[in-house]
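A.B. asks: Put together the whole structure using the sequences plus the hints.
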Amino acid sequence: MLKVEKLVAGYGKVEVLHELSLSVPEGKLVTLIGSNGAGKTTTLRALSGMIRPQSGRILLRDADITGLASHEIARRGMAHSPEGRRVFPALSVADNLLLGAFTRLTGTRGRGRGRGDVQRDLGRMFDIFPRLAERREQLAGTLSGGEQQMLAMARALMLSPEVLLLDEPSMGLAPKLVEEVFATIARLKAQRITMLLVEQFAAAALDVADFGYVLENGRLTASGEAATLKNDPAVRAAYLGQAH
Amino acid sequence: MQILAQLIVSGIAVGMIYGVIAFGYQLTFATSKTLNFGQGEALMLGSLVGLTVVAFTGYWLMLPVVLAFGLLQGAVVERLGVRQAIKTKSESGWIMATIALGIIFKNLAENIWGRDAMKFPSPLPEAPLSFAGVNVLPMEIVIVIGAIGMMLLVELFNRRSIFGKAVVATANDREAAGLMGINTSLVITFSYALSSMTAAFAGVLVAPVTLTGASMGSALGLKAFAVAIIGGLSSGFGVVVGGLILGITETLTGYYLSTGYKDVPGLVLLLLVLSFKPSGLFGRASIKKV
Ligand SMILES: Nc1ncnc2c1ncn2[C@@H]1O[C@H](COP(=O)(O)OP(=O)(O)OP(=O)(O)O)[C@@H](O)[C@H]1O
Ligand SMILES: [Mg+2]
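As given, the protein sequences belong to chains A and B, one line each in that order. Each residue of the first sequence is one higher than the one before, starting from 1 at the first, in the numbering used here. Each residue of the second sequence is one higher than the one before, starting from 245 at the first, in the numbering used here.
Over 12 Å on every C-beta distance to chain A, these chain B residues come out as not near it, computed from the model:
| id | residue |
| --- | --- |
| 1 | 302 |
| 2 | 355 |
| 3 | 375 |
| 4 | 393 |
| 5 | 459 |
| 6 | 508 |
Below are the DSBU-like pairs computed for lysine-lysine, each with C-alpha atoms no more than 35 Å apart in a straight line:
| id | chain 1 | residue 1 | chain 2 | residue 2 |
| --- | --- | --- | --- | --- |
| 7 | A | 13 | B | 331 |
| 8 | A | 6 | B | 333 |
| 9 | A | 6 | A | 28 |
| 10 | A | 3 | B | 331 |
| 11 | B | 331 | A | 6 |
| 12 | B | 277 | A | 13 |
Here's a subset of chain A near chain B, in silico, CB distances under 7 Å, partners left out:
| id | residue |
| --- | --- |
| 13 | 50 |
| 14 | 80 |
| 15 | 88 |
| 16 | 89 |
| 17 | 91 |
| 18 | 102 |
Think of the hints as simulated: they come from the structure by calculation, not from any bench. All residues carry an ideal CB built from backbone N, CA and C; glycine is no exception.
C.D. replies: Here you go:
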């Protein structure tokens, strides 16, 4: 579904990712773990066009999307729930969700699922995230951090994505909410939504994922079946021994 | 007392015009943190194009033509003067470019329509109506209704339509808006188009009660800029209040001092704004997100 070949990306002259290659098969949940500053967010930003890759190739369903603007990539079915949530503070919860479906509502979505039934999906989001249903007319800027996180995920899902990129959906949440977020991710996985999940909670991420990649200083240092990675002594020592 | 009431009423119409122009400044500032300093020229061009068209169509049918012209003119300003500056994150490129384009438009207008002020035919009777001894021109009432109507329509568009929501989303967080599939460069072009459209509309609203001509825009644009800074660049109807205060102050100055000084309050206001908020004009200090 999503294939990345020798991706080089960074900020200005600073190269953060050095020839990164990975792939996310259709219907699978792949997780990308690594310590702070490893380049996880940079990877997702390059994939969704928020930054322009310096070289390498990104293929979405075999179509080359390297170097496209972020709105063009979204129109090809990539949804990105970015680091720091980035909900639209001056808009209501419902409007944030509708904007998630912008490509479908405006008919700008290339191939794949078209306009579809946005209202039905809106209802589904409110089923998955009942907290959002109670606050549908509230301004997103006045939601709690946890609620904003749910909104960011739901907004990305409203694109009806081919691939969903999730950047630390558990960041800054209380333990009970973290559990809830992972339960939601498991549910999405059961619906065979293709996902690339970036997480600090490496153990929990590997528990729910099919495959995993370990990123260190912009290079992959390990990869494999999530269960195998979880038992890898080196990975255990570096990422699973600590509190997070 | 009656004179005071008369002066206030006369100040309202021109105040609404300042409000509409300032509203136009807000539109582009919201999406791109840039302004069209040729906004006064957009008004002037709208008015002169209107003057040419009105001879063929009459006043009311001329309006859609002028609105369409304003949209186009604003899009041209964005493409030529602003886009590159935004792309390179240039702090001042757009200031120079929009001022330069404004001067070009003014020269162009002088060559096409000449330098003299011209009378703009009024669609309504030019005899004032009298309310308890206070005279009001029918056209002044149209100005107030038209100005408020235009602002409400834009606001309604932003709130109700998915494209308007995309504009607000771009204003909130441009990068995140891109992730929704919104072409944010196009949204910025559109906000420039809309901004010039409101100015062009203001131009044909005000022309029947003032005069029209190539030089009508410069002072209006500058004074409305002061109004926009005071009323708030980020959003809201503070610009209407600011516009009314300035409009009324001007008619008072014109009557009690001399009509020769009627531009002075607005320009003094501008100088005050510049000296008290020199760094905060476009910076974080003047825009607070929710
Ligand atoms: N906007 C930016 N400009 C310059 N350098 C940046 C920028 N954003 C990130 N970097 C640098 O790129 C490197 C990778 O950052 P990135 O945000 O991708 O890490 P991360 O793996 O997501 O870390 P975290 O777990 O803390 O979110 C870091 O060294 C960081 O300092
Ligand atoms: Mg990160």
